[in-house]
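J.: Residue-level listing of the chains:
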Amino acid sequence: MTHRQKLGVALVLLAAFQLLIVFAGFFAPYGFATQDRKRPFAAPTTLHFRDAQGHFHLRPFILDSESSELYPVRFFVNGAPYNIAGIIPAHTHLFGVEQPGRIFLMGSDAYGRDQFSRFLFGGQISLLAGLIAAMLSVSIGILMGGIAGYYGGWVDELLMRGGELFLALPWLYLLFAVRAALPLHISQWEVFLLLVSVMGLIGWARPARLIRGVVLSAKQRSFVMAARGFGASDAYLLRRHVLPQTYGVLLTQMTLLIPQFVLAEVTLTFLGLGVGEPLPSWGTQLASLQQYYVLSSYWWMFLPALLLIPLFLVFYTAADALQELYKTVTL
Amino acid sequence: MKYFSRRLLHAILLLLGVSLFSFALLQLAPGDFFAPLKLNPQISSRTVEGLRAQFGLDQPWPVRYGHWLRGILHGDLGPSFAYNSPVAPLLAVRARNTLLLTGTAMLLAWLIAMPLGIVSAVRRGKWSDRAGGVVTSALLTIPDLVLFLGILLLAVRSGWFPTGGMASTGIGELSGWGKAKDIAYHLFLPALGLAIATLPALVRHIRSAMIEVLQAPFIRAARAHGISEYRVLLRYALPAAANPLISLFGFSVATMLSASLLVEVILSWPGIGPLLLEAILAKDVYVVLGTVMLSSVFLVLGNLVADLLLFAADPRIRMES
Chain A
1 MTHRQKLGVA LVLLAAFQLL IVFAGFFAPY GFATQDRKRP FAAPTTLHFR
51 DAQGHFHLRP FILDSESSEL YPVRFFVNGA PYNIAGIIPA HTHLFGVEQP
101 GRIFLMGSDA YGRDQFSRFL FGGQISLLAG LIAAMLSVSI GILMGGIAGY
151 YGGWVDELLM RGGELFLALP WLYLLFAVRA ALPLHISQWE VFLLLVSVMG
201 LIGWARPARL IRGVVLSAKQ RSFVMAARGF GASDAYLLRR HVLPQTYGVL
251 LTQMTLLIPQ FVLAEVTLTF LGLGVGEPLP SWGTQLASLQ QYYVLSSYWW
301 MFLPALLLIP LFLVFYTAAD ALQELYKTVT L
Chain B
1 MKYFSRRLLH AILLLLGVSL FSFALLQLAP GDFFAPLKLN PQISSRTVEG
51 LRAQFGLDQP WPVRYGHWLR GILHGDLGPS FAYNSPVAPL LAVRARNTLL
101 LTGTAMLLAW LIAMPLGIVS AVRRGKWSDR AGGVVTSALL TIPDLVLFLG
151 ILLLAVRSGW FPTGGMASTG IGELSGWGKA KDIAYHLFLP ALGLAIATLP
201 ALVRHIRSAM IEVLQAPFIR AARAHGISEY RVLLRYALPA AANPLISLFG
251 FSVATMLSAS LLVEVILSWP GIGPLLLEAI LAKDVYVVLG TVMLSSVFLV
301 LGNLVADLLL FAADPRIRME S
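The listed protein sequences correspond, in order, to chains A and B. As numbered in our numbering, residues 1 to 331 make up the first sequence, in order. As numbered in our numbering, residues 1 to 321 make up the second sequence, in order.
Hints in this document: simulated from the structure, not taken from any laboratory. Where hints are given, some of them may not hold.
As the list claims (entries may be wrong) - Only pairs whose alpha carbons sit at most 30 Å apart, straight line, appear in this in silico DSS-like list of lysine-lysine:
# : chain 1 : residue 1 : chain 2 : residue 2
1 : A       : 327       : A       : 219
2 : A       : 327       : B       : 126
3 : A       : 6         : B       : 181
4 : A       : 327       : A       : 6
Said to hold, decoys possible - Computed from the model, here is a short list of chain A residues facing chain B with C-beta under 8 Å:
#  : residue
5  : 160
6  : 164
7  : 289
8  : 302
9  : 303
10 : 308
11 : 309
Please read these numbers as outputs of a predicted model, since none were measured by experiment. For each residue, glycine too, the CB sits at the ideal point set by N, CA and C.
From just these sequences and the hints, can you work out the full model?
T.: What follows is the structure, encoded as structure tokens:
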């Protein structure tokens, strides 16, 4: 596969995944907080195609463990209300079973909440956190790196030394220290916003360095010099000639930073410093694994963790392909 | 020498910057360690004020920062409120445990990565190199958190290894050799996890550094002279490929205190990580500060070590400065 094809595949997969996450309410059979106290730690529901008599059915059905009755899986069912993209109210779900049957594709957690639904809803928070934090740190990176690279001199020295401070700090520790500086008991959305802005503010140094490098070499190019010779202003030069040359680095950095920040959010939440219950996040889902009995008896609690691996693989593949593409383009 | 002193000055300035930054940040937090005590009706607010005054928390933060800096010169990192003891000895024990873990893991990772990297560089493009490439990229995509949880899962389900702590409860009764064996038994899983987490990046760097050197004309010349392949690799190619590896080694040293945080928390290794986490939750500020500072010192030291080694290994760098 060429890099272009690789990138295409990765982007399609990513887009499909984002779609699942954005429309989590539709794809998830239950709400993220819907509890079923009668079914804590229910194993993943098996989909049956053959009934007891050995007859084959095209429509899968499930065998409910509580009532030992059969429930066919139905599509486009009415269920728990949710908001499409957080705004438009709706209550149609892609699939579901009739009450009191329950379908848990990835099992249920300690409160009988559907792990699959929680994974989808959790993605909204975790991915959003990654996305916003990455955008924030890349934008600060453009500003700082652009200024440092373009103007040089003491400005460059000052900004890059400052950046070194951020690079030198063990960044997980720094996140901790900053998180420690914030009150522990504030609303979950405030925690989310603070977390995201802190992560974004800490991460600017690396993109800034790379962008500075690109800007430094870009402003030496003859067409930039020529434009300057014709009397172009600094702002025009930056906007028209210098910054467009940094797009490759920017894109690559974004695709690399998003999974990193997603992971940072997951890790912090896992350690109890991030977004907390009842809001779903991948971190809160993994946090239950800290109890040994959960880990030893209910293997499906590990599924959300495993699902992160292919997701990250796609992100890294995209970043790899982007990097290779832009290397060949610029040379 | 001038080079060295400039680097040292730079490092000290960096550490000062880090300390000021973290200190200021920690002061932004509303409330302190004693704030929850105020909610307790059995404790009078005067007692709480007294406690705060005793630890100097009633003073403005620049004053306290000055105090803290002066204390550092005497090896005093301030008090821990939660442990009711000075931070320095507390940190020393935890740092020792962490270093034992990271040191072992680092040794393990380098011992595995060196031959793997060299072999896959020599067999570049052959199936063994490709298989290695697939494995390292697969390992790279597994988040550390998931990896460590997987290891914990292995320990819990199989029962072959202890699931936490650094020693069995009855370790006091064991002889010296028995103690060492017990600790090694507890050390195995966390060290293995950490080694696996660092391994793929190491292998990749070693491989690419070696590949670059193996293409150089002097290697072909050495081969043409009939020097054995083994000797060509280890005596000719490896020293020439050393520079990026030395920087990498410096990085390993630099992250010795901070790299193991997750594995320590997940596999309950009594190192710096869990201490920091507890301290943050309890707002035990001087413990947080001490930990951040100590790991920053390691970062600076690691970079310094790498620079010095490069200085010793590469005449070109010596000439430049």
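J.: Give a verdict on every hint.
T.: A quick look at each hint next to the structure:
no. : hint            : in the structure
1   : 327(A) - 219(A) : holds (18 Å)
2   : 327(A) - 126(B) : holds (25 Å)
3   : 6(A) - 181(B)   : violated (49 Å)
4   : 327(A) - 6(A)   : holds (15 Å)
5   : 160             : violated (13 Å)
6   : 164             : holds (7 Å)
7   : 289             : holds (5 Å)
8   : 302             : holds (6 Å)
9   : 303             : violated (11 Å)
10  : 308             : holds (6 Å)
11  : 309             : holds (6 Å)
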